Amino acid sequence: MDKTPSPEDLLPLTPAVFHILLALADGEKHGYSIMQEVQTVSAGQIKMGPGTLYGSIKRMLESGLITEADERPDPAMDDERRRYYRLTDWGRRVFDAEAARLTRLVTLVQAKRLPGGA
Amino acid sequence: MGRLMSLSLWLYGLLLWLYPADFRREYAPLMKQLFRDQCRTVTGIGGWGRLWLRILPDLAASLWMEQMEHWRRSHMERPRALIWLLPGLIGTGLFFFQRDTLSFYIWIGGIGIVGLALHRLGLIRAPLELKLAGYGGLLMLATLAAMLSLYLPSLGLGIWVLLLIRLRQIGQLKGQQGKLLGLVFLSTGVWGVLRFINVPDESGLLAVFGQVLFVGSWSLQAAMPALAGMLWPGRFGRAMVLPSVFALGATYTFYDPGYFTFEMSSLITFTTVLFPLVLCPAWFLLAREHRAGRRGLLVLWAVMLFSSILMANYARTVMLALPYENMWTNLERLASVVPHFFGLWLALAVYDRAETKPELNAVNAAAPVSSVDEQGEDRLFAH
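If you're matching them up, the sequences are chains A and B in order.
Under the working numbering, the first residue of the first sequence is numbered 1, with each subsequent residue one higher.
Under the working numbering, the first residue of the second sequence is numbered 1001, with each subsequent residue one higher.
Bound conformation, chain A alone (with noise of 0.2 angstroms):
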């Protein structure tokens, strides 16, 4: 009997595959406005280049977490075409999973750090 794949079966994930599913948590979005995101949350430690970007966008696309959207232009840039992406329901489960337990992790480290352990 086949077994119904569950979103930790995919956890932990890389650092790029999350903040990708992040930058995408508020909407869809093309690689540059990607990377500059992840850029700005990270504060500049993750710098993904063409390479790992699409890499990670490959892979990501091959097991459902995302799909393409459609291709426009960016008002904010300029008129060139762009290839958008969002994150599928499958994509947000496991992004949501993936976000408690970096919640449970970073609340055990502020138990610990805090007197008494409580």
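Think of the hints as simulated: they come from the structure by calculation, not from any bench.
None of the hints are false.
Per label pair, the in silico range of CB-to-CB distance:
1) A/Asp74 with B/Glu1026: 13 to 23 angstroms
2) B/Thr1092 with A/Thr40: 55 to 65 angstroms
3) A/Arg72 with B/Met1005: 16 to 26 angstroms
4) B/Thr1092 with A/Asp78: 49 to 59 angstroms
5) B/Leu1014 with A/Arg81: 18 to 28 angstroms
6) A/Arg113 with B/Arg1024: 46 to 56 angstroms
7) B/Leu1007 with A/Asp79: 18 to 28 angstroms
8) B/Thr1092 with A/Leu105: 51 to 61 angstroms
9) A/Glu28 with B/Gly1049: 31 to 41 angstroms
Predicted, not measured: the structure shown is a model, and the values here were computed from it.
All residues carry an ideal CB built from backbone N, CA and C; glycine is no exception.
Mind docking chain B on chain A? Use the hints.
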């Protein structure tokens, strides 16, 4: 657009050709577009340097990953790339073959070891024969180390013990396979005893021990050509293994124990190698008729092989004016070739694919030096 930007874009576009074709087709325009966006934010010469210092490691890392993934997808099931290597493999094989027998066997083992390593890295899914050759090669290397370390008996013995520990797993195999391997090693022991009796000047337990070890590895490697016949299923495959049997018989006849040389230029050798090939069609017909069955074929092969050894021995006497070796020596040579028959027997058993014979199913699913489980993974060295 400035000159530096144009140059950078041109260079980056060129580097994108290093990616696999399918990836490049889909993502190269997007990657170029992204790179162009990055270039637009660069200021000053230092900015270009910093950009390329970020781009190059990113390109190298992603390129490696994409190429590895492409290779796995393209070549995992069918190692088509290996076909392009065939001319080189054959050429180097012939080179080593005409050099000396030992080099040839090392070449076989070396190819096998490389294939085994590629299989372990997940770059190819090695066919069973390649894995067997790899294990044979590892065994050969260990044997050579043992031979070279005859002056250091502890090292040689240590390697032998290590092999025994691993090969103990083979001994635990049930059915025909376990018996087969037991007989292989038993026959090498018999050969060692015969050699000790027949060549009294080669005295010393270590010398005999080394010879037994060596023949043990030879016997396993001798099965490789026979098992290579598995690449061609059915009757043609059976016919293909026959020349290897007689060539090996000739090898044993002509090899010099001191130097392991094989006189390729000798007309006798040429004749001996041609002899089985001439008879090959007859054997092919016999196999097709299935009159003698598997045992019958083995008996006939034994007769033909021994005849080959005797004929070569006689030819040596006539052509090279060498003394005729006594029957005891000829028996010794036959005993040294006995392990080959078990390799052939195994090959035939796999050929038969006898679903109606449960014990042969175990043979079908396994190999002399490895046990292959349902997922095709090698269990022998699994932890």
